[in-house]
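J.: Construct the entire structure; sequences and hints are all you get.
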Amino acid sequence: MQSYLKLDHIDKTFTRGSATTEVLKDINLTIEKGQYVSIIGHSGCGKSTLLNIVAGLTNATQGGVLLENREVNSPGPDRAVVFQNHSLLPWLTVYENVKLGVDKVFASTKTRAERDAWVMHNLNLVQMAHAKDKRPSEISGGMKQRVGIARALAMEPKVLLLDEPFGALDALTRAHLQDSVMALHQKLGNTILMITHDVDEAVLLSDRIVMMTNGPSARIGEVLEVPLARPRKRLELATSAAYLKCRQRVLEFLYERHRFVEAA
Amino acid sequence: MTPKRAPVAEKYIKMAKETAVRVIPPLVVLALLLLFWELACRRAGSALPPPSRVFKETKELIFDPFFDRGGIDKGLFWHLSASLQRVALGYSLAAIAGVALGTLVGQSVWAMRGLDPLFQVLRTIPPLAWLPLSLAAFRDGQPSAIFVIFITSIWPIIINTAVGIRNIPQDYRNVAAVVQLNPLEFFGKIMIPAAAPYIFTGLRIGIGLSWLAIVAAEMLIGGVGIGFFIWDAWNSSHISEIVLALFYVGIIGFLLDRMIAIVGKFVTRGTAAN
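One line per chain: the protein sequences are A and B, in this order.
Residue numbering for the first sequence follows numbering that gives the first Met the number 0, beginning at 0 and increasing consecutively.
Residue numbering for the second sequence follows numbering that gives the first Met the number 0, beginning at 0 and increasing consecutively.
By construction, these hints were calculated from the structure, which means they are not laboratory data.
No false leads were slipped in.
Under the rule of at most 27 Å between Cα atoms (straight-line distance), these lysine-lysine pairs were calculated in the DSS-like manner:
| hint | chain 1 | residue 1 | chain 2 | residue 2 |
| --- | --- | --- | --- | --- |
| 1 | A | K186 | A | K5 |
| 2 | A | K32 | A | K244 |
| 3 | B | K58 | B | K73 |
| 4 | A | K157 | A | K32 |
| 5 | B | K264 | A | K131 |
| 6 | A | K133 | B | K264 |
Simulated DEER-style distance windows between Cβ atoms:
| hint | chain 1 | residue 1 | chain 2 | residue 2 | range |
| --- | --- | --- | --- | --- | --- |
| 7 | A | A106 | B | L245 | 55 to 61 Å |
| 8 | A | Q185 | B | G113 | 53 to 59 Å |
| 9 | B | A128 | A | E137 | 48 to 54 Å |
| 10 | B | A15 | A | D132 | 33 to 39 Å |
Note that the structure is a prediction, hence the values are computed from the model and not measured.
For glycine and all other residues, C-beta sits at the position ideal for the given N, C-alpha and C.
T.: Next up, the structure:
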């Protein structure tokens with residue numbers, strides 16, 4: 000089986016002065032094209048560090064990341080990130096925020112008119128075309144995150160990296176946005192790696208759930224396949240036995256075997 | 000009054016009230032101050048002229064600011080515009096060099112370690128202390144005055160720009176890295192807009208300082224300019240003219256400050272309110 004994205008024996012050690020902290024230990028993971036994989040773990044277990052390593056924003060101490068069998072160790076639009084706090088540039092309009100990436104990625108392959116159409120196409124995908132001339136401060140948190148998703152999608156990434164994309168949103172907005180991401184994944188077939196700490200979110204969205212042990216020296220504790228057919232419907236799943244079983248497995252992992260120990 | 004028109008009338012009344020609340024207090028204070036000044040200085044032999052005499056003696060200057068009888072015998076418009084030109088030139092150079100140096104110091108740890116102590120010492124030197132040195136270097140009043148403006152206003156611009164650059168959120172740097180902006184694009188599309196609120200704080204302090212410095216510098220270098228106009232009036236014992244000139248200096252300093260504030264507000268729209 001050909002792996003699309005491969006995390007190969009990744010270790011990460013932070014050094015500050017004479018103190019060294021081993022954050023990640025021997026992380027191995029392969030993701031196939033079109034798969035939706037979630038990484039779940041307690042806060043401080045290094046899941047965001049892992050995502051940053053895949054994004055190229057942080058370098059692994061040992062091991063590396065292979066995308067289509069080529070090593071990647073610097074950031075690039077082929078691994079676009081949707082950041083937790085949206086990270087839209089406040090001085091640009093919604094349209095300009097998406098355009099920033101599009102202009103760079105398609106500078107030589109698309110004409111100006113095509114790039115404009117592509118920005119609008121992606122804003123339409125997340126239902127934000129109506130707000131294209133607004134600034135980030137003028138739209139709601141959920142809308143900002145939609146624009147963040149559009150910005151990432153518009154770069155046509157090989158892997159879409161989501162760093163707790165719904166963490167800062169209220170429950171209703173979060174559910175709404177999860178449905179949107181699910182629909183986009185269905186429609187576009189992106190390969191997605193998502194960091195989350197929400198069990199329901201992980202089960203609802205993922206094909207596979209990677210559960211991480213507590214840090215320091217966090218490892219992959221268990222990988223769970225989610226055998227639920229797509230498209231998935233939130234309401235139907237609530238009573239589905241398979242869904243509840245998956246949920247139970249993750250909960251057991253997080254709250255029985257690897258309880259979060261508050262640092263003293 | 001018909002019922003239909005009532006809301007419009009109410010709106011005007013409300014607007015008038017709001018304006019009155021803002022305008023009346025400063026007018027009352029101003030009137031009281033003028034009255035106090037008039038009473039204090041009106042007796043014969045007082046050192047300073049009362050406002051009524053100031054107005055009587057400077058009427059000509061107020062109503063005809065454009066006369067030009069050659070030399071330094073010109074209307075106040077020409078004096079002010081000469082001063083403003085010096086400020087414009089010196090301040091523009093300071094803005095360009097200040098933002099560039101501030102970016103360097105904000106971006107590079109080594110540049111900061113090397114330059115920051117130097118800046119901290121140099122910025123405490125009073126503007127006029129630079130004047131003899133610059134006269135020695137340039138051997139001419141005009142470039143010396145411009146240099147004094149430059150050296151006075153550059154420090155707050157450098158320091159605030161550097162703080163702004165250092166405070167660019169890591170998020171924005173990450174976005175730039177994922178999009179793969181090159182250093183030049185990063186400078187123009189991320190650094191300058193992100194640091195703009197800080198840069199404009201520096202620019203506002205800078206314009207205030209340069210207006211402070213020009214009046215003092217012109218007193219020493221002479222020629223056409225509001226600073227020398229004041230000094231000349233003192234030498235000819237035209238105290239009323241000094242009062243009038245101070246009034247203009249204050250108003251223009253205020254307008255310069257407002258101008259930079261308005262430009263800053265326009266340029267940084269959106270950035271401050273994240």
